[in-house]
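J.: Here is what each chain is made of, one letter per residue.
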Amino acid sequence: MADPYRWSFWKREFNSPILLASGTAGFGIELMEQGFLEGAAAVISKATTLKPREGNPPPRIIETRFGLLNSIGLANPGVDEVLKILLPQAADLPCPLIINVAGEVVEEFPAVIERLEESTVPFGYEVNVSCPNVAAGGIAFGASPEIVERISTLVKRVSSRPFSVKLTPNEGSIVESAKAAEAGGADAVTVCNTFLGMKVDWRTGKALLKRSVGGYSSPALLPLTVARVFKTSEAVKIPVLASGGVNRAEDILELLAAGAAMVQVGTWLMRRPDAAFELREGVISLLESDSP
Amino acid sequence: MADPYRWSFWKREFNSPILLASGTAGFGIELMEQGFLEGAAAVISKATTLKPREGNPPPRIIETRFGLLNSIGLANPGVDEVLKILLPQAADLPCPLIINVAGEVVEEFPAVIERLEESTVPFGYEVNVSCPNVAAGGIAFGASPEIVERISTLVKRVSSRPFSVKLTPNEGSIVESAKAAEAGGADAVTVCNTFLGMKVDWRTGKALLKRSVGGYSSPALLPLTVARVFKTSEAVKIPVLASGGVNRAEDILELLAAGAAMVQVGTWLMRRPDAAFELREGVISLLESDSP
Amino acid sequence: MIIGKEEILPGIFKFEFKVSSSFIAEAEPGRFIQLEVSHGPFPVTRRPFTISSTYGKSVEIIFEVVGRGTEVLAETDVGRSLRLLGPLGRGYLLNPGKWLLIGGGLGAAGFPGLTAKIDSGLLLLGAASRDKLLTIPGLETVAITEDGSSGRKGLITDLLGSVRWDSFSGIALCGPVPMMKAVFEMMPFPAQAITQVSAEARMGCGWGVCEGCSVPKAGGGFLKCCSDGPVFQAESIDWERCEGIH
Amino acid sequence: MIIGKEEILPGIFKFEFKVSSSFIAEAEPGRFIQLEVSHGPFPVTRRPFTISSTYGKSVEIIFEVVGRGTEVLAETDVGRSLRLLGPLGRGYLLNPGKWLLIGGGLGAAGFPGLTAKIDSGLLLLGAASRDKLLTIPGLETVAITEDGSSGRKGLITDLLGSVRWDSFSGIALCGPVPMMKAVFEMMPFPAQAITQVSAEARMGCGWGVCEGCSVPKAGGGFLKCCSDGPVFQAESIDWERCEGIH
Ligand SMILES: Cc1cc2nc3c(=O)[nH]c(=O)nc-3n(C[C@H](O)[C@H](O)[C@H](O)COP(=O)(O)OP(=O)(O)OC[C@H]3O[C@@H](n4cnc5c(N)ncnc54)[C@H](O)[C@@H]3O)c2cc1C
Ligand SMILES: Cc1cc2nc3c(=O)[nH]c(=O)nc-3n(C[C@H](O)[C@H](O)[C@H](O)COP(=O)(O)OP(=O)(O)OC[C@H]3O[C@@H](n4cnc5c(N)ncnc54)[C@H](O)[C@@H]3O)c2cc1C
Ligand SMILES: Cc1cc2nc3c(=O)[nH]c(=O)nc-3n(C[C@H](O)[C@H](O)[C@H](O)COP(=O)(O)O)c2cc1C
Ligand SMILES: Cc1cc2nc3c(=O)[nH]c(=O)nc-3n(C[C@H](O)[C@H](O)[C@H](O)COP(=O)(O)O)c2cc1C
Ligand code: FES
Ligand code: FES
Numbered sequence: 121m122a123d124p125y126r127w128s129f130w131k132r133e134f135n136s137p138i139l140l141a142s143g144t145a146g147f148g149i150e151l152m153e154q155g156f157l158e159g160a161a162a163v164i165s166k167a168t169t170l171k172p173r174e175g176n177p178p179p180r181i182i183e184t185r186f187g188l189l190n191s192i193g194l195a196n197p198g199v200d201e202v203l204k205i206l207l208p209q210a211a212d213l214p215c216p217l218i219i220n221v222a223g224e225v226v227e228e229f230p231a232v233i234e235r236l237e238e239s240t241v242p243f244g245y246e247v248n249v250s251c252p253n254v255a256a257g258g259i260a261f262g263a264s265p266e267i268v269e270r271i272s273t274l275v276k277r278v279s280s281r282p283f284s285v286k287l288t289p290n291e292g293s294i295v296e297s298a299k300a301a302e303a304g305g306a307d308a309v310t311v312c313n314t315f316l317g318m319k320v321d322w323r324t325g326k327a328l329l330k331r332s333v334g335g336y337s338s339p340a341l342l343p344l345t346v347a348r349v350f351k352t353s354e355a356v357k358i359p360v361l362a363s364g365g366v367n368r369a370e371d372i373l374e375l376l377a378a379g380a381a382m383v384q385v386g387t388w389l390m391r392r393p394d395a396a397f398e399l400r401e402g403v404i405s406l407l408e409s410d411s412p
Numbered sequence: 121m122a123d124p125y126r127w128s129f130w131k132r133e134f135n136s137p138i139l140l141a142s143g144t145a146g147f148g149i150e151l152m153e154q155g156f157l158e159g160a161a162a163v164i165s166k167a168t169t170l171k172p173r174e175g176n177p178p179p180r181i182i183e184t185r186f187g188l189l190n191s192i193g194l195a196n197p198g199v200d201e202v203l204k205i206l207l208p209q210a211a212d213l214p215c216p217l218i219i220n221v222a223g224e225v226v227e228e229f230p231a232v233i234e235r236l237e238e239s240t241v242p243f244g245y246e247v248n249v250s251c252p253n254v255a256a257g258g259i260a261f262g263a264s265p266e267i268v269e270r271i272s273t274l275v276k277r278v279s280s281r282p283f284s285v286k287l288t289p290n291e292g293s294i295v296e297s298a299k300a301a302e303a304g305g306a307d308a309v310t311v312c313n314t315f316l317g318m319k320v321d322w323r324t325g326k327a328l329l330k331r332s333v334g335g336y337s338s339p340a341l342l343p344l345t346v347a348r349v350f351k352t353s354e355a356v357k358i359p360v361l362a363s364g365g366v367n368r369a370e371d372i373l374e375l376l377a378a379g380a381a382m383v384q385v386g387t388w389l390m391r392r393p394d395a396a397f398e399l400r401e402g403v404i405s406l407l408e409s410d411s412p
Numbered sequence: 481m482i483i484g485k486e487e488i489l490p491g492i493f494k495f496e497f498k499v500s501s502s503f504i505a506e507a508e509p510g511r512f513i514q515l516e517v518s519h520g521p522f523p524v525t526r527r528p529f530t531i532s533s534t535y536g537k538s539v540e541i542i543f544e545v546v547g548r549g550t551e552v553l554a555e556t557d558v559g560r561s562l563r564l565l566g567p568l569g570r571g572y573l574l575n576p577g578k579w580l581l582i583g584g585g586l587g588a589a590g591f592p593g594l595t596a597k598i599d600s601g602l603l604l605l606g607a608a609s610r611d612k613l614l615t616i617p618g619l620e621t622v623a624i625t626e627d628g629s630s631g632r633k634g635l636i637t638d639l640l641g642s643v644r645w646d647s648f649s650g651i652a653l654c655g656p657v658p659m660m661k662a663v664f665e666m667m668p669f670p671a672q673a674i675t676q677v678s679a680e681a682r683m684g685c686g687w688g689v690c691e692g693c694s695v696p697k698a699g700g701g702f703l704k705c706c707s708d709g710p711v712f713q714a715e716s717i718d719w720e721r722c723e724g725i726h
Numbered sequence: 481m482i483i484g485k486e487e488i489l490p491g492i493f494k495f496e497f498k499v500s501s502s503f504i505a506e507a508e509p510g511r512f513i514q515l516e517v518s519h520g521p522f523p524v525t526r527r528p529f530t531i532s533s534t535y536g537k538s539v540e541i542i543f544e545v546v547g548r549g550t551e552v553l554a555e556t557d558v559g560r561s562l563r564l565l566g567p568l569g570r571g572y573l574l575n576p577g578k579w580l581l582i583g584g585g586l587g588a589a590g591f592p593g594l595t596a597k598i599d600s601g602l603l604l605l606g607a608a609s610r611d612k613l614l615t616i617p618g619l620e621t622v623a624i625t626e627d628g629s630s631g632r633k634g635l636i637t638d639l640l641g642s643v644r645w646d647s648f649s650g651i652a653l654c655g656p657v658p659m660m661k662a663v664f665e666m667m668p669f670p671a672q673a674i675t676q677v678s679a680e681a682r683m684g685c686g687w688g689v690c691e692g693c694s695v696p697k698a699g700g701g702f703l704k705c706c707s708d709g710p711v712f713q714a715e716s717i718d719w720e721r722c723e724g725i726h
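Residue numbers (my numbering), protein chains in the order written: chain A, 121 to 412; chain B, 121 to 412; chain C, 481 to 726; chain D, 481 to 726.
Any given hint might turn out to be false.
Computed list of lysine-lysine pairs in DSSO-like fashion (alpha-carbon distance at most 30 Å, straight line) [to be verified]:
hint, chain 1, residue 1, chain 2, residue 2
1, B, K330, A, K299
2, D, K633, D, K537
3, D, K661, A, K330
4, B, K357, A, K326
5, D, K612, A, K326
6, D, K578, D, K633
7, A, K171, D, K697
8, B, K330, C, K697
9, B, K326, C, K697
10, D, K537, D, K494
11, A, K204, D, K697
12, D, K697, A, K330
13, A, K330, B, K299
14, A, K326, D, K697
15, A, K326, B, K131
16, D, K661, A, K326
17, C, K597, C, K697
18, B, K330, A, K357
19, A, K204, A, K276
20, D, K697, D, K597
21, A, K330, B, K357
22, B, K131, B, K204
23, B, K330, B, K171
24, B, K330, C, K633
Just so you know, these hints were derived from the structure itself, not from any lab.
Values in this document were obtained by computation on a predicted structure and should not be read as measured data.
Chain A with its partners taken away, still in its complex shape (with noise of 0.2 Å):
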């Protein structure tokens, strides 16, 4: 029995609001080969960079008593791999694929997705304004809306096809970067990447990551993301694709009601492969046993 709900961005419609997280689904290979992307609108990929990076130093990923901490440091392969290699092979997968694409200059953004013009199988692009800046001293791009707006305005130049900025939670304020996105004419924003986290080892002084902080993400801080995409929802007109906290059916819907469009799953899914499936049929069920 086919059910009536449907979602929509980018005018594609799809049976589920649910995006696979960048960094937590590779480019959706792997979970396309257990057969995990039922459930899933989109794959996003993980960070892709013009030239391979080999990431931080481990360790990389530090359990805290109520979340994740991760300090990846966008390894990746780098663009020409990415299109020699990965994305042949994602040419297969059940649902589209979303490319998100990292740099540390700003220039950095428009040659990526250039070379990623090259290939016919990206559906659209999110661009990371989270990382740090290498020009201006390692403050985030998304810190500064005069630098979202450049980045979203170099990006929209060279690309055919529709994409969000990634914003960041943790610097600057994320209405005005929100704002700033679609004045260079993004297609939605992603609110947002994860917060800056650490743990430290009282005994040694020690910070656990290598690295020090990293990214923090956890089902406790889906209020967080509630409020920011209510909040950069009302003051933009472009969709906002929430990210952060969910692993519940209940979260989704929470999240759609603050006015997301659409709705990412990271952390959990590397917990869950299959947590496409599990959370689109709890939130058919949810709205279901709604529906008068």
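Place chains B, C and D with the ligands on chain A using the hints.
T.: The following block gives chains B, C and D with the ligands in isolation, referenced to the frame of chain A:
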């Protein structure tokens, strides 16, 4: 048996690293009456403003799955009443009292503190720049390093006592704001106030707090505080007073290891009015078990 | 420590705790306790419950399972110790003579203790169905249920027409906000003036410091449910602004 | 489903799970499973455990309680079902002949399954004390403990002097990083070239997507413990950069 452990800030030595956070201890009077101030180095009062404030409409407190949302709206009787009624009662506290000060415009901060200088009771002040700057369309004072520095300079001018600037994690850069506070003459920074959060009932689409968004606190946020304390304490020389996510003795030791001079306990105090006593005992016994 | 536990109606529990004699001395009708329902950190805050009655060195509460906190509490077994703060807040101002008690649903949970302190009284008791209808011993009772499964069928306001308001020296009103508002507004003025209500609000601390538990005050501003109340003169509350709080 | 549970040494448990026959078919020695230790959301990630051995339709793991995840797991009773992913990763490349197995502490947990697949072997087993010394049946074993409570007294490196390295066609090395590094560095070159190590790293996913489980690679860059390993040619690892990871 006297234990050898001591913590100090503002030229005073304490047998506990614990401060009771603003808004969760009143003016310490109720806690004193119950004998619950043992273990607290100092009490930080609820926000004091120039005029009385009745606060936000209810509900003002909502529990989420893993934390607490509050939207008190700085309800307080105003500085006149504080001087007339509360400070005389608080003169008997067994520990120092720090007065937390809030305002709607920059000039309100020094104005309140000028009045508070009339009393001999305060040990120092905590200047809450996380509240909305009415003159700047509701963006928090703390979002702008220039405004933080300006407020610090104005407060320094009228205050004979040390003061801490309580920063916000929601807008701007907490490190830049900390540096600005130091440049303006602040004697400490408090890192930090609550994170913006929200809960929505997906069935009705309505926010559960009357004012939609509020401040979110949770033990699950400890890693966020640790990271911010680490980064600010690297950037400034004045003491960093940590606030956010503490409910165990280990949490206090972790924040001290990350760079805090003292550690505040807020939300947990509402659950355990004797938290200071319990946590201090826990800290001492961990330190004892750790020493060779 | 929990020394008694009984599911008196489906999903409605009576718990008995052992307490100190100073607790008993201060446990006036209408006051409440703050109970730490879990050992872990979630839910973060305590849960408030009206003192239902006291016997010797024990205190009873009656509560309904409505969410996570009460769920965890209902699963806690006899013999376990839970941290308990109280008695907190202000209870009923008691005066001699005959009292009228009006309770909706769990609002009547505090009436056993009140009954023990008044000379005589009449109880009007409303509930959704007999499954939700508390039994308050020692009082002449008129019951009404929305589905007619016990007593008359209808809302508690349907019972008010026949009330001889001037025969009472005190009135206690407790239940959901819309019910209290409706009852209060149907009362003649002199009855309003002798009515005390037991209010509910989401609480943070329970002991007056967090300003979380505000109840709209007649004439503007707010009262603190936990320390100005939870029992208030009905007239001191702004019933219009109470709408939609719970 | 957990069908067997035994505390084989203080704080060290053997768990047996019922699994599918396709699982058994793929359960080569050295591969691992990702186990969801709790039903609630914390700890957030799964926990990796080496497949110790398989029997019929069941798989065994041996683990030590070292933190929250293993604590929760140890408290889980027979009959409960836990979500289990696997077999994951790459196991040992097996070749015929005699093998030398060198295990430190829980590092030997995977040796029962390996023993079943090799022609013959010698096992060098080290542990802090007899309380931590696993028993691996079916192999000639030389044991050494740091406190001398079982076998010789000393570190596993003390056993290496008398090893006739050229008599083995394969070497398996597993244990804490400092132990593996020390053993590897004491080996003559030809032995290094036939040594496979089972590495450990903090894992996020366990199936190759998160890049969380990096192991320093000889010559620079990183290997993924979960999908490039966990069993690696010892020479492919940069042991210097491994220092202090665990
Ligand atoms: C002074 C006072 C006395 C009370 N006495 C009793 C009593 O004797 N028996 C009894 O069953 N209940 C009583 N309550 C209500 C009781 O405190 C709540 O039902 C309980 O806190 C709900 O906790 P929960 O975690 O199960 O629900 P949650 O999951 O937190 O919420 C479930 C629903 O319960 C309601 N609720 C939650 N907290 C409160 C609160 N503090 N006040 C009012 N409604 C709330 C909300 O409508 C919410 O949607 C009293 C409340 C107050 C303020
Ligand atoms: C491929 C692989 C196979 C493993 N096989 C076994 C096995 O057969 N038996 C066994 O007892 N253990 C095994 N481990 C280690 C086991 O996964 C950890 O001990 C476990 O995850 C700790 O979880 P915890 O929540 O109890 O500890 P935590 O509270 O998370 O940490 C406690 C301590 O354990 C260590 N630790 C935590 N996670 C890991 C990890 N992923 N790898 C290494 N050390 C870690 C750290 O030093 C930490 O300080 C294996 C690890 C890997 C990567
Ligand atoms: C291990 C890991 C790796 C991640 N890598 C990236 C990345 O490369 N690019 C990116 O934009 N976000 C990355 N993220 C952030 C997630 O995409 C997601 O926004 C965040 O984790 C919050 O969502 P969650 O709570 O569902 O995990 C990563 C997160 C994790 C946990
Ligand atoms: C109910 C409540 C009221 C608060 N009121 C104030 C306030 O008036 N001024 C202020 O600076 N911070 C206020 N805070 C923030 C706390 O002082 C503290 O910084 C924050 O809650 C994080 O610490 P915690 O996790 O220990 O609660 C309030 C917090 C809560 C929960
Ligand atoms: S609940 Fe904190 S003031 Fe009433
Ligand atoms: S654990 Fe995720 S890639 Fe290895």
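J.: Need the status of pair K597/C, K697/C: alpha-carbon distance at most 30 Å?
T.: 28 Å, holds
J.: Below or equal to 30 Å on CA atoms is what counts here, so check K171/A against K697/D.
T.: 19 Å, holds
J.: Is the hinted pair K633/D and K537/D satisfied, with a Cα-Cα distance of at most 30 Å?
T.: 39 Å, violated
J.: Checking one constraint from the list: CA of K330/B to CA of K299/A, max 30 Å. Satisfied?
T.: Holds, at about 26 Å.
J.: Between K697/D and K330/A, is the straight-line Cα distance small enough, at 30 Å or below?
T.: Distance ~17 Å between K697/D and K330/A Cα, so the pair holds.
J.: Does the structure keep K612/D and K326/A at a Cα separation of 30 Å or less?
T.: 28 Å, holds
J.: Holds or violated: K330/B and K357/A, Cα atoms, limit 30 Å.
T.: 25 Å, holds
J.: When you check the alpha-carbon spacing of K204/A and K276/A, does it fall within 30 Å?
T.: Satisfied, since the Cα-Cα distance of roughly 24 Å is no more than 30 Å.
J.: If you draw a straight line from the CA of K326/A to the CA of K131/B, is it 30 Å or shorter?
T.: 28 Å, holds
J.: If you draw a straight line from the CA of K326/A to the CA of K697/D, is it 30 Å or shorter?
T.: 25 Å, holds
J.: Compare the distance between the alpha carbons of K330/B and K171/B with 30 Å, and conclude whether the hinted pair is satisfied.
T.: 23 Å, holds
J.: Measure nothing beyond the straight line between the CA atoms of K661/D and K330/A; if it is 30 Å or shorter, mark the hint as holding.
T.: 20 Å, holds
Hint violations for this structure: numbers 2, 24, all remaining hints satisfied.
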